[in-house]
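Just so you know, the protein sequences line up as chains C and W, in that order.
Positions 1 to 483 (full-length UniProt numbering) are the ones given, in order, by the first sequence.
Positions 1 to 483 (full-length UniProt numbering) are the ones given, in order, by the second sequence.
One thing to keep in mind: the hints can contain errors.
[As the list claims (entries may be wrong)] Straight-line distance between alpha carbons at most 35 Å, and here's what the computed DSBU-like set of lysine-lysine pairs gives: (1) C:252 <-> W:252; (2) C:132 <-> C:174; (3) W:252 <-> W:174; (4) C:132 <-> W:132; (5) W:174 <-> W:132; (6) C:252 <-> C:174.
[Said to hold, decoys possible] Covered, in the sense of this in silico footprint (three residues per stretch, anywhere, with C-beta under 8 Å from a C-beta of chain W), are these stretches of chain C: (7) 127 to 141; (8) 355 to 365.
What the hints contain is simulated information worked out from the structure, not anything from laboratory work.
Where a beta carbon is used, it is the ideal one built from N, C-alpha and C, also for glycine.
Protein chains: 2
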Amino acid sequence: MHTENLYQQLAGHYLKAIDAGTLRSGDRMPSLRVMMERHGVSLSTALNACRQLEQSGHLEARPRSGYFVRSLRRSGLAPSTEPSQQLPDPAQYVGIHERVSAIIAQGQQRPVAVNLAGACGAPALYPSEALKQGVLRALRQRPDLFGHAGPSTPNGEPAFRAAMARQALVSRIKLSPDEIIVTHGCIEALNLALRAVTQPGDVVAVESPTFFGLLQILESLGLKALEIPCSPQTGISLEALELAAHTYRDIKALVVVPNLQNPLGSTMPDANKAALVAWCAARQIPLIEDDTYSALSDSEAPQAALKAWDQDGNVIHCASLHKILAPGMRLGWIAAGRWQARVEMLKYAQSRSTEVLGQIAVADYLDSGAFERHLRRLRASLRSQREQVAEAVAHYFPAGTRLNLPNGGLALWVEMPGQRSSEALFHAALKEGIRIAPGLMFSNSNRFNAYLRISCGMPYTRELEHALRRLAALVAALPEQQA
Amino acid sequence: MHTENLYQQLAGHYLKAIDAGTLRSGDRMPSLRVMMERHGVSLSTALNACRQLEQSGHLEARPRSGYFVRSLRRSGLAPSTEPSQQLPDPAQYVGIHERVSAIIAQGQQRPVAVNLAGACGAPALYPSEALKQGVLRALRQRPDLFGHAGPSTPNGEPAFRAAMARQALVSRIKLSPDEIIVTHGCIEALNLALRAVTQPGDVVAVESPTFFGLLQILESLGLKALEIPCSPQTGISLEALELAAHTYRDIKALVVVPNLQNPLGSTMPDANKAALVAWCAARQIPLIEDDTYSALSDSEAPQAALKAWDQDGNVIHCASLHKILAPGMRLGWIAAGRWQARVEMLKYAQSRSTEVLGQIAVADYLDSGAFERHLRRLRASLRSQREQVAEAVAHYFPAGTRLNLPNGGLALWVEMPGQRSSEALFHAALKEGIRIAPGLMFSNSNRFNAYLRISCGMPYTRELEHALRRLAALVAALPEQQA
Chain C
1 MHTENLYQQL AGHYLKAIDA GTLRSGDRMP SLRVMMERHG VSLSTALNAC RQLEQSGHLE
61 ARPRSGYFVR SLRRSGLAPS TEPSQQLPDP AQYVGIHERV SAIIAQGQQR PVAVNLAGAC
121 GAPALYPSEA LKQGVLRALR QRPDLFGHAG PSTPNGEPAF RAAMARQALV SRIKLSPDEI
181 IVTHGCIEAL NLALRAVTQP GDVVAVESPT FFGLLQILES LGLKALEIPC SPQTGISLEA
241 LELAAHTYRD IKALVVVPNL QNPLGSTMPD ANKAALVAWC AARQIPLIED DTYSALSDSE
301 APQAALKAWD QDGNVIHCAS LHKILAPGMR LGWIAAGRWQ ARVEMLKYAQ SRSTEVLGQI
361 AVADYLDSGA FERHLRRLRA SLRSQREQVA EAVAHYFPAG TRLNLPNGGL ALWVEMPGQR
421 SSEALFHAAL KEGIRIAPGL MFSNSNRFNA YLRISCGMPY TRELEHALRR LAALVAALPE
481 QQA
Chain W
1 MHTENLYQQL AGHYLKAIDA GTLRSGDRMP SLRVMMERHG VSLSTALNAC RQLEQSGHLE
61 ARPRSGYFVR SLRRSGLAPS TEPSQQLPDP AQYVGIHERV SAIIAQGQQR PVAVNLAGAC
121 GAPALYPSEA LKQGVLRALR QRPDLFGHAG PSTPNGEPAF RAAMARQALV SRIKLSPDEI
181 IVTHGCIEAL NLALRAVTQP GDVVAVESPT FFGLLQILES LGLKALEIPC SPQTGISLEA
241 LELAAHTYRD IKALVVVPNL QNPLGSTMPD ANKAALVAWC AARQIPLIED DTYSALSDSE
301 APQAALKAWD QDGNVIHCAS LHKILAPGMR LGWIAAGRWQ ARVEMLKYAQ SRSTEVLGQI
361 AVADYLDSGA FERHLRRLRA SLRSQREQVA EAVAHYFPAG TRLNLPNGGL ALWVEMPGQR
421 SSEALFHAAL KEGIRIAPGL MFSNSNRFNA YLRISCGMPY TRELEHALRR LAALVAALPE
481 QQA
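Bound conformation, chain C alone (with noise of 0.2 Å):
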């Protein structure tokens, strides 16, 4: 696959300037004229760079003022290590419930005093009193609700599927609503669409590392996991992802979360999502993406789901209201695609339709206007807690520490230096009322363990600056395992 594109040289170049320090943060970026001048680029060609950049977040563009280098770097944090290997380990069967579990219990069985491990905004965060006006409206509209069994159309609520269809615009996905199954969250979204296209035994590729989810429905469903590397600059490497097909002749399924990955906060360029379509489709492999961030960006263009290249129903989209609107009610919605009639088939056998309640209550608001609104006060809470966390995390974490400042999203992936046990770490912060993600629930491999992920879904307060300082000196105090 030829990806490196003329504009991402272009920004190869700035983000070495940033690195090296000749570019500060909060410096002002050359205009997109002199960038044309001083490389005899294009005008489109300096402005995809400058976006990748402010995607990947060394940008950020401030209005009629042109882009700036972000404050995270005046901390002198380095960012995240590149993958050292392409080549994938071998896919396994997924082994990993026992663990994670073993990990919430345990989060669980404790008073916590800050919980770093979600990721989800604070209550406060969300609509609650427009969603439950929206319910309030609802059972006065339908006041004999409750009394019938599943929406108008088996697939959903005609009024919801409309609103999703539109919402998918957004990401520059063009839908019918008929192709929308309304479900119950992404994560039964994502259960339906490995269902469509696999069999027990089968191998699926995989992002590495990857939400605990996804690996919890592989073990489930006995799929095998292929654990594709990936920068978290750019999201999954293509490059490492030839190497595995070449090796791996059987992959059945490629799940993909392209804007804002979890954990590692990377975005895909547009030139590596359609180069990343095209290969799927020529290889007749189902590309399955996980669309459950992209309205959670900074960015001033919204991104673009990797549906929006998609010629010939080869990839199935999830999505989903969970993170963006309501962590309280279990909307998602698939579009399968070539696979839609088996997924609807799936979706009824699984669990028949999904309540029509919530769907009227969120379409009446997302048709509203204020769902945009409150898009817009999400992102700006989320963005300075993202700052703030990450500011702490360079400030008191011990030299060596590295992590991305992601372009928006709900937690950061932080690597700590000298191989520390991410394990180690979890329980010891456990003892002192913090609960972190230890980086072993986001690979089956132990491969990440010397990583966290922080939640910056909740407000800074001191309360939580003093939780982060305290597990830096767990940080700190645990053995280093470099050899």
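Given chain C, work out where chain W should sit, using these hints.
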């Protein structure tokens, strides 16, 4: 299995007298004292015989007056045919989804004036206002409920699980709330149960006929169905099951609806329930019970669940509030016995925790005591509607039509004379705006094509009577196909 107890012999004696017309509709049964003297049996034997005939719909108990022969008999309708064949057809993969979904889709495409196809009550039969108040109360108590991900315990909201554990006591099941996992309706519970104990390609024994939802689940999971003949009176034939187990030594699970089976309306006698539970335990065949309907029984004494006899966790109990409280909510639960940990894992991986709002709203309602009053009203309405529909069938349908009047539930299972085709009837009726559920939806074979399931969930109006009369004329006009 020796299951023909003394009380069953006695019940059989009186059943013959009813069928022969010696005892007629409205006749008072001999008193228990007379029965004891006449047959030389104990009080409990006489009482059990009457209770079994009450369960099978032949007698009704009138407070302080004793047992009476039920009114349907006056119409001269013969009871449904007992299965002639005991050895099941070979186990085979299920291929019913296309047939069923085509029937459902055709039914939905045409404007339907009278829908007799469902197995649900009319919206007015459910306590919409009380449920709405429950929702409002829940939102007042927890204003930021939609901002919180998941219930306060992973398997469901504690108040709801406690209410369900109390509810289970009615079916003589003793469970701790911790043993209850909340699901998206009984359908998800059955999925999880089957996924916990089978692999694709396994053989699962089911009742024949059975509800198409179960057959669709088997199909979607790649399981083979072994259809065990059922008596329209007493449910699954234990003799047939024994025979089947001799031929098929690899039965991996058995799914049974012990109370008010769908579509038969049969209820297993307690002796059969006990024998079945012991038989499965001895052979280590997981017994999955679907207890969706038992609260809709007219019997004086509540029906016991199979789980009531479970000694060693071999019974997986699945239940739901869908038919009895709120068709518009997807609130079910599962108590998975020795597969509890595996089902917890599968539920978490399949769809995460079920939404909280409905659980809190309903727990409050169940705890208010209004639930029992609602159930009494619901049972009385359904009974009256069921008897009126049965009378209309008896009156209008061609001679030779057979029908059991079940002792509760939402539908009647009608056998047309002369092997008429319910598929042909479905299409003819649809043209006239009447929807029925043809018998071939209820088996992977064509064995039940001469049957149809008629809903008794709707109020008995002039329009409904007219539709049944019209349906009867269509039945009469169908060609007989008897050899």
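(message) Could you work out which of the previously given hints the structure breaks and list their numbers from low to high?
(response) No numbers; nothing is violated.
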